[in-house]
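Visitor: The lines below spell out each chain.
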Amino acid sequence: MIDFNVAPFEVVRDYDKCVNCRVCERQCSNEVHHYEEGFGKMISDSTKCVDCQRCVCLCPTKALKIVPNQNSFRPNANWQQKYLTEIYKQAESGGVLLSSMGNPEPFPVYFDKILINASQVTNPSIDPLREPMETRVFLGAKPQTLQRDEKGNIVTKLPPRLKLSMPVMFSAMSYGSISYNAHAALARAAEKLGIYYNTGEGGLHKDFYKYSANTVVQVASGRFGVHKDYLESGAAIEIKIGQGAKPGIGGHLPGAKIVGDVSKTRMIPEGSDAVSPAPHHDIYSIEDLRQLVYSIKEATEYKKPVIVKIAAVHNVAAIASGIARSGADIIAIDGFRGGTGAAPTRIRDNVGIPIELALGSVDQRLREENIRDNVSLVVAGSIRCSSDVVKAICLGADAVYIGSAALVSMGCHLCRTCNLGKCNWGIATQRPDLVKRLNPDLAAERLINMLTGWNHEIQEMMGGMGINSIEALRGNRLMLRGVGLNERELQVLGIKHAGEV
Amino acid sequence: MLLEGEYRIPAGCAISAIFDKTGARFSGKDIVDSIAVMRDRSNGLGGGFACYGIYPDKKDLYAFHVFFTIHSARKDFEEYISRYYEIDSSEDIPTRKIPEIVDEPEIRRYFVYPKQAYIDFVKTGADECVFRTVFAVNTEIKGAYIFSSGKNMGIFKAVGYPEDVGRFYMLEDYEGYLFTAHGRYPTNTPGWWGGAHPFGLLGLSVVHNGEISSYDANRRAMEMYGYKCTLLTDTEVITYILDYLTRKKGLTFEESAEVVAAPFWERIDRMPEEERARATYLRDVFSSELITGPFSIIVGFDGGVMALNDRLKLRSLAVAEKGNKVYMASEESAIRRVCPSFDNMFYAEGGKPVVYRVKGGKQ
Numbered sequence: 022m023i024d025f026n027v028a029p030f031e032v033v034r035d036y037d038k039c040v041n042c043r044v045c046e047r048q049c050s051n052e053v054h055h056y057e058e059g060f061g062k063m064i065s066d067s068t069k070c071v072d073c074q075r076c077v078c079l080c081p082t083k084a085l086k087i088v089p090n091q092n093s094f095r096p097n098a099n100w101q102q103k104y105l106t107e108i109y110k111q112a113e114s115g116g117v118l119l120s121s122m123g124n125p126e127p128f129p130v131y132f133d134k135i136l137i138n139a140s141q142v143t144n145p146s147i148d149p150l151r152e153p154m155e156t157r158v159f160l161g162a163k164p165q166t167l168q169r170d171e172k173g174n175i176v177t178k179l180p181p182r183l184k185l186s187m188p189v190m191f192s193a194m195s196y197g198s199i200s201y202n203a204h205a206a207l208a209r210a211a212e213k214l215g216i217y218y219n220t221g222e223g224g225l226h227k228d229f230y231k232y233s234a235n236t237v238v239q240v241a242s243g244r245f246g247v248h249k250d251y252l253e254s255g256a257a258i259e260i261k262i263g264q265g266a267k268p269g270i271g272g273h274l275p276g277a278k279i280v281g282d283v284s285k286t287r288m289i290p291e292g293s294d295a296v297s298p299a300p301h302h303d304i305y306s307i308e309d310l311r312q313l314v315y316s317i318k319e320a321t322e323y324k325k326p327v328i329v330k331i332a333a334v335h336n337v338a339a340i341a342s343g344i345a346r347s348g349a350d351i352i353a354i355d356g357f358r359g360g361t362g363a364a365p366t367r368i369r370d371n372v373g374i375p376i377e378l379a380l381g382s383v384d385q386r387l388r389e390e391n392i393r394d395n396v397s398l399v400v401a402g403s404i405r406c407s408s409d410v411v412k413a414i415c416l417g418a419d420a421v422y423i424g425s426a427a428l429v430s431m432g433c434h435l436c437r438t439c440n441l442g443k444c445n446w447g448i449a450t451q452r453p454d455l456v457k458r459l460n461p462d463l464a465a466e467r468l469i470n471m472l473t474g475w476n477h478e479i480q481e482m483m484g485g486m487g488i489n490s491i492e493a494l495r496g497n498r499l500m501l502r503g504v505g506l507n508e509r510e511l512q513v514l515g516i517k518h519a520g521e522v
Numbered sequence: 043m044l045l046e047g048e049y050r051i052p053a054g055c056a057i058s059a060i061f062d063k064t065g066a067r068f069s070g071k072d073i074v075d076s077i078a079v080m081r082d083r084s085n086g087l088g089g090g091f092a093c094y095g096i097y098p099d100k101k102d103l104y105a106f107h108v109f110f111t112i113h114s115a116r117k118d119f120e121e122y123i124s125r126y127y128e129i130d131s132s133e134d135i136p137t138r139k140i141p142e143i144v145d146e147p148e149i150r151r152y153f154v155y156p157k158q159a160y161i162d163f164v165k166t167g168a169d170e171c172v173f174r175t176v177f178a179v180n181t182e183i184k185g186a187y188i189f190s191s192g193k194n195m196g197i198f199k200a201v202g203y204p205e206d207v208g209r210f211y212m213l214e215d216y217e218g219y220l221f222t223a224h225g226r227y228p229t230n231t232p233g234w235w236g237g238a239h240p241f242g243l244l245g246l247s248v249v250h251n252g253e254i255s256s257y258d259a260n261r262r263a264m265e266m267y268g269y270k271c272t273l274l275t276d277t278e279v280i281t282y283i284l285d286y287l288t289r290k291k292g293l294t295f296e297e298s299a300e301v302v303a304a305p306f307w308e309r310i311d312r313m314p315e316e317e318r319a320r321a322t323y324l325r326d327v328f329s330s331e332l333i334t335g336p337f338s339i340i341v342g343f344d345g346g347v348m349a350l351n352d353r354l355k356l357r358s359l360a361v362a363e364k365g366n367k368v369y370m371a372s373e374e375s376a377i378r379r380v381c382p383s384f385d386n387m388f389y390a391e392g393g394k395p396v397v398y399r400v401k402g403g404k405q
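Going line by line, the protein sequences match chains A and B. Going by the working numbering, the first sequence opens with residue 22, and the numbers climb by one from there. Going by the working numbering, the second sequence opens with residue 43, and the numbers climb by one from there.
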């Protein structure tokens, strides 16, 4: 059968540099490269390449590069090549198009249209190398009334909370969607950094119970791996309602990935597909959510904060308002650029709204209803760097979740084919030969390095604004200005345009 | 040009205060002389005073000081206020016509108390009634602005240098146990009398020098709790924070200081367990009320005064004691001007409140 599509990438090999060491061949799980005895040289099949850059990085003589295929369909502003390509695929398979990682389409990235303030003259900037610069954050509900004992001392008991050394956590990525070694790295890094990682919906591998003080355990619609010890082992429990990459639909981990410990941890038979329903079948309404929140609180004796994670959708502010009254301690909102191990392409690229706008309206709405203190806000999808963190906090977030950025620090090059299960970086795969490529100690060190760097940068930006504690940054929208945004966008973000006083 | 309150104006300033620990009353002359020394810390665009103990004969009534900037405002205000309050008396606030102070609005004071029916309606006491009235008048009645609303205290302020403002209001004719003063150096020409300082709410008044970097985080928190920031100044939001913490949440002024100028975590982490739990509680629960950036404030309240510096100590604030008198000022010179020899003098430490109360409780 004729393949109507062409390879999206081209493998370019500099034969002057290539020494036929065959590293690329051994490294590529997609079997792009092979040594052709007859020619005495390496040959590449570009059609199989996903542009993960593994061979490029490991080539000892730097003989390889992967470039976009210059071959072009006849240009058409309406019928862009990707639509033709996708039709050809569907015409062949009859299936739903699948994609991985976050929405790559050229929608506005509001973080890139927001600028941060700094002090000049009237207010001194603060040097974080000389003065304390505090990034510690507590997440959880705040008590409504202050109580004193008979001696008049403040009763210091607080609702359950999470204590973060910096306002960043690793977001939910299940064991199954990512590898054992990737999970180990996230757990170790979270412990070392004084933050939290999140199990996702795949349960918690028995080896990782020792990191429970830095673990958020997730309860999603499939309830995979959920049992009493699991709930009790988390520092917090997250009810996953939705995910930014695929709002409104469930998940599907193919049976091929349900092997060995993944099957045990999820508590489902090997080789069976793990299908998470679109809704929780015990949550068809906001009052049902409240019941699940309290069921979990009862089960864990009110010792752990409960997070409710939702995808950023059009009426996110109203939904958040309902959640803030449901007994939940923390609301996590995942924007439409959030990552995923696999999602239907149409949904990933067309459903949901940007996290910046969702955050702008949710924080304001909760304040207008005087329920902002009921909950902390954690935002995700996608936070790419420390200035995104600062902007999110200024817009009103208490902390952020990072998923893609964490994977990238471990080596992910966003080739967006996690769904194939052949991740050459050992991250989004369960193939033992690939998993072992990811050294959890080195990966943990890279995670720690990245966030240590981010924290220094956050402190520098705070100091520049004359702010020495992160709580004075939270919701401090006057520290932001928009560039190239229209009136309505500024209004939703609650910020002024650059140049306005 | 936009008016004060329509956008945010940072300002530098001079502040000063004189307090008698026994509650004995003394003339307002000294405070004017004290603040006058720091003329170059002001730029003629705002000055004012908060005076405590000045209305002893009417000490149980709320004294509303009101600016009327348009003709209809007074009638609207009086109509509104008489619906909810018993008006004991009202009068023009006496002023001296001097060339340095121009464009004065109509300035009146009203001694009032909420009607019982209004107190019953509001349910949480007479103070809460006044709190609501101040916001209602200042945001809803065009041209009327209540700039002082406490009992047995009053704020006097205007656009001008503080010493001229003192002469304008004939401050030497008032006697009180506490006077605070403010000279303003706004980076702008607002020309609106309501924007001068001190800023007050009920018996609380704040004079402030600095520019806080946490402003919008603080403002948005206070607006959630029902405070309407109409001036967009640091002093306004600081006053609301202190009112919220002390009156609505029941914290002491010392505890409030621990919230707004919280100790650093590295210090809290070294505290003994009980103290650490308390300090952690205050920082965590009242995180939106933490104030960062440079500030020195003098807070007047019923029966006492508190001086407080930001936690990095980015502004100067001298305190001197002489007999029963306490002097506070941005610069030592402002104290020496009115008290050439004192018993002792010190500078308020960053984040450490200096609180004096009238001996034997409230005045």
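If you're looking for bench data, these hints aren't it; they were derived computationally from the structure. Think of the CB as a built atom: it goes at the ideal place given N, C-alpha and C, for glycine as much as any other residue. Be careful, since some hints might not be right.
[Stated by the list, open to error] Straight-line distance between alpha carbons at most 30 Å, and here's what the computed DSS-like set of lysine-lysine pairs gives: (1) A:Lys-172 with A:Lys-249; (2) B:Lys-291 with A:Lys-318; (3) A:Lys-163 with A:Lys-213; (4) A:Lys-184 with B:Lys-355; (5) A:Lys-184 with B:Lys-290; (6) B:Lys-394 with A:Lys-172; (7) B:Lys-270 with A:Lys-517; (8) A:Lys-172 with B:Lys-291; (9) B:Lys-139 with A:Lys-178; (10) B:Lys-270 with A:Lys-172; (11) A:Lys-324 with B:Lys-290; (12) B:Lys-117 with A:Lys-163; (13) A:Lys-178 with B:Lys-63.
[To be verified] Listing some non-contacts, in silico: residues in chain A with all C-beta distances to chain B over 12 Å: (14) Ile-175; (15) Ser-233; (16) Asp-250; (17) Ile-307; (18) Ala-519.
Visitor: Against each hint, give a clear statement of whether it holds in the structure.
Guide: Status of the hints after comparison with the structure:
For a cut-off of 30 Å, the pair hint linking Lys-172 of chain A to Lys-249 of chain A is broken: about 40 Å separates their Cα positions. With a C-alpha separation of about 28 Å, the suggested pairing of Lys-291 of chain B with Lys-318 of chain A holds against the 30 Å cut-off. With a C-alpha separation of about 27 Å, the suggested pairing of Lys-163 of chain A with Lys-213 of chain A holds against the 30 Å cut-off. In summary, the hint linking Lys-184 of chain A to Lys-355 of chain B is supported, as the alpha carbons are separated by about 28 Å, within the 30 Å threshold.
Restraint check for Lys-184 of chain A and Lys-290 of chain B: the C-alpha separation of about 27 Å stays at or below 30 Å, so the hint holds. In summary, the hint linking Lys-394 of chain B to Lys-172 of chain A is supported, as the alpha carbons are separated by about 23 Å, within the 30 Å threshold. Straight-line distance between C-alpha atoms of Lys-270 of chain B and Lys-517 of chain A comes to about 19 Å, which keeps the hinted pair within the 30 Å bound. Distance hint between Lys-172 of chain A and Lys-291 of chain B is fulfilled; the C-alpha atoms sit about 17 Å from each other, no more than 30 Å.
Our distance criterion of 30 Å between C-alpha atoms is broken by Lys-139 of chain B and Lys-178 of chain A, whose separation comes to about 58 Å. The straight-line distance between the Cα atoms of Lys-270 of chain B and Lys-172 of chain A is roughly 35 Å, outside the 30 Å bound, and the hint therefore fails. A C-alpha spacing of about 29 Å is found between Lys-324 of chain A and Lys-290 of chain B, which places the hinted pair at or below 30 Å, so the restraint holds. About 44 Å separates the Cα atoms of Lys-117 of chain B and Lys-163 of chain A, which puts this hinted pair outside 30 Å; it is violated.
The hinted pair formed by Lys-178 of chain A and Lys-63 of chain B fails the criterion: a straight-line CA distance of about 37 Å is larger than 30 Å. Ile-175 of chain A, annotated as away from the interface, has a beta carbon of chain B within 12 Å; the closest lies near 6 Å. For Ser-233 of chain A, the non-interface assignment is confirmed: its Cβ lies about 22 Å from the closest Cβ of chain B, beyond the 12 Å cut-off. Asp-250 of chain A, annotated as away from the interface, keeps every beta carbon of chain B farther than 12 Å; the closest lies near 29 Å.
With a least CB separation of 22 Å from chain B, Ile-307 of chain A remains clear of the 12 Å interface cut-off, as annotated. The Cβ of Ala-519 of chain A sits about 15 Å from the closest Cβ of chain B, beyond the 12 Å cut-off, so the non-interface label holds.
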